[in-house]
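So the protein sequences, as listed, match chains V and L.
Counted the way my numbering counts, the first sequence spans residues 1 to 175.
Counted the way my numbering counts, the second sequence spans residues 1001 to 1367.
There's no promise every hint is true.
Said to hold, decoys possible - Sample of chain V residues at the chain L side, in silico, Cβ under 7 Å:
| no. | residue |
| --- | --- |
| 1 | 34 |
| 2 | 50 |
| 3 | 54 |
Said to hold, decoys possible - Covered by chain V, according to a simulated footprint, are these stretches of chain L (three or more residues, beta-carbon under 8 Å):
| no. | segment |
| --- | --- |
| 4 | 1091 to 1102 |
| 5 | 1129 to 1139 |
The hints are simulated quantities; they were obtained by calculation from the structure and are not laboratory data.
The beta carbon of each residue, even a glycine, is placed where N, CA and C say it ideally should be.
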Amino acid sequence: MVLLLFYFFCFLIVVSAFLMLLTRHILYAAFLLLLTFLGIAALYALVGADFLAVSQVVIYVGGVLVLLLFGIMLTHQPVGGQPSAAPQTESRNLWWGALTGIGFFALLAQVIYKADFTSKAWIVSAESQKRLLNNSSIPHLGANLMTHYLLPFEIIAILLLVALVGATLLASRKS
Amino acid sequence: MLSLVFFLLFIPLFALAGVYAERKVSAFIQDRLGPMEVGRYGLLQTLADIIKLLLKEDIIPSLADKRLFKLAPLIIFVAVFAGFAAIPLTPTLIGSGLQVGVFFILAIVSLDVVGIMMAGWSSNSKYPLLGAMRAVAQIISYEIPTGLAILAVVMICQTLDLQSISYQQGIWINHYQHLEADQNYLFGLKPLGIDITLVGGFLTWNIVRMPFLSIAFVIYFIASLAECNRAPFDIPEAESELIGGYHTEYSGLRWAFIMLAEYGMMLLVSFLGVILFLGSWNTPLPNLGYLALADWTSGKPDTLWGQLTSIFWLFSKTFLLIFAQMWIRWTYPRLRIDQLMYLCWKVLVPFALAIVLLCGVWRLWMV
Chain V
1 MVLLLFYFFC
11 FLIVVSAFLM
21 LLTRHILYAA
31 FLLLLTFLGI
41 AALYALVGAD
51 FLAVSQVVIY
61 VGGVLVLLLF
71 GIMLTHQPVG
81 GQPSAAPQTE
91 SRNLWWGALT
101 GIGFFALLAQ
111 VIYKADFTSK
121 AWIVSAESQK
131 RLLNNSSIPH
141 LGANLMTHYL
151 LPFEIIAILL
161 LVALVGATLL
171 ASRKS
Chain L
1001 MLSLVFFLLF
1011 IPLFALAGVY
1021 AERKVSAFIQ
1031 DRLGPMEVGR
1041 YGLLQTLADI
1051 IKLLLKEDII
1061 PSLADKRLFK
1071 LAPLIIFVAV
1081 FAGFAAIPLT
1091 PTLIGSGLQV
1101 GVFFILAIVS
1111 LDVVGIMMAG
1121 WSSNSKYPLL
1131 GAMRAVAQII
1141 SYEIPTGLAI
1151 LAVVMICQTL
1161 DLQSISYQQG
1171 IWINHYQHLE
1181 ADQNYLFGLK
1191 PLGIDITLVG
1201 GFLTWNIVRM
1211 PFLSIAFVIY
1221 FIASLAECNR
1231 APFDIPEAES
1241 ELIGGYHTEY
1251 SGLRWAFIML
1261 AEYGMMLLVS
1271 FLGVILFLGS
1281 WNTPLPNLGY
1291 LALADWTSGK
1301 PDTLWGQLTS
1311 IFWLFSKTFL
1321 LIFAQMWIRW
1331 TYPRLRIDQL
1341 MYLCWKVLVP
1351 FALAIVLLCG
1361 VWRLWMV
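Taking the hints into account, I'd like the entire structure generated from these sequences.
Here is the structure:
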């Protein structure tokens, strides 16, 4: 059952990503991106990373995608008074893009193939103890963020604060 | 599974009753009678309206983006409906006992925004687009005070699991895993030395456990009104200026789905408010010496009596909140967009931030 769901979501991700590349309609691409993000969140949920799955939805769907859609809608100028003319893109660098994509895929596939995850010691031990799916990842995540990874965590916080203040400053500047 | 079937049937029923209640409440407030013609006291009025809606023609504007236009109401409804998966109905009945329940519902609310945007854009008409813009700007802004108010509760309860938060607010606290040894003290403060673990009632609700959470509750309630696009925050569908906002172009069944999602959203945020602040499915009556009111009005979690009483308390508190939502809608005028943003960013957010800070300090005293 889980395997079936896994393949279903993989299929969803791949198909929506592929269609996103093919469509020239920006808004369709954005909504297909929604499917990709949700599919990835579902994959996280399937491997027991509950917090990561929900974070994926909050950050990518609730934040990035909504901002993207908002940007397209606000900046879009109807062409020639015809409001139905949806914003479109033209495809450029088709061959280089395809080549980079396929090359990257080959590289990743090779690395994953060579890594041989099933024989890694910690995965074997976790699988034998059946702990992986029954425990939530939040307590460990929280404890680690507040101890081992406190400095990166704080740096990210400051970075976000700077971005926020900067955005406010840019928006409030009178031209 | 039971929870899924229950909500699938309950949300349409609630929408039926909710629309009727809304009309009667508004009529009472405006000193009218409301619907009186169909059935006794107009009880069958909404049923008649639904039948009319189902028989209506499904109009799709010829210049609309047809695929997105058809899909949008479904996305809006599914997003709201998915949120109910994490709502604990009784001590044992919950759709998905996931550890990140609160966070999941927050994520779902943001998914709803995408559907609204899709509806507004694909209608390809001025009013829906303006309505969608306003809706999204409003929902995104009010997610921040909502999130902060919820964060305050999470800091006090130290969990994102809605069922654990529920258990912590009543006399059955020790019946949940990881909470076997927990004690509740008055105002959550151990130094006061007043153990109320077996007293329960409203004294163990989060708004009393940490008194400042009552302010957080007010913030949450105001922000939740904005998240459901309810008056006085209904500028996205302000009927006097935008006709119907993002659902202006919809008719028939698709419009019914959007309405269903709207009432579903009211129900969802009210459930969440009750669970987080008002003791979830726990009884409001405390044990007072020989008057063991809490024991009498709430059964053990795993018994049938326990299920029935907890469902009764959860729903009565939720309906009370929904009544308050309707009451506010019919008494306050609509806010202007600048007043809306002022209220969010300059009033609610600073107060919510202060409460989060206070909760951190309070939590240190609670141990």
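Tested hints:
1. About 6 Å separates the beta-carbon of residue 34 of chain V from the nearest beta-carbon of chain L, less than 7 Å, and the hint is met.
2. With a cut of 7 Å, the hint placing residue 50 of chain V at the interface with chain L holds, because the nearest CB-to-CB distance is about 5 Å.
3. For residue 54 of chain V, the shortest C-beta to C-beta distance to chain L is roughly 5 Å, which falls under 7 Å, so the interface hint holds.
4. For the segment 1091 to 1102 of chain L, the assignment as covered by chain V holds, since 3 residues bring a beta-carbon within under 8 Å of that chain's beta-carbons and 3 suffice.
5. Chain V is given as covering the segment 1129 to 1139 of chain L, and this holds because 4 residues of the stretch bring a CB closer than 8 Å to a CB of that chain, at least three being needed.
Checked against the numbered hints given earlier, this structure breaks none of them.
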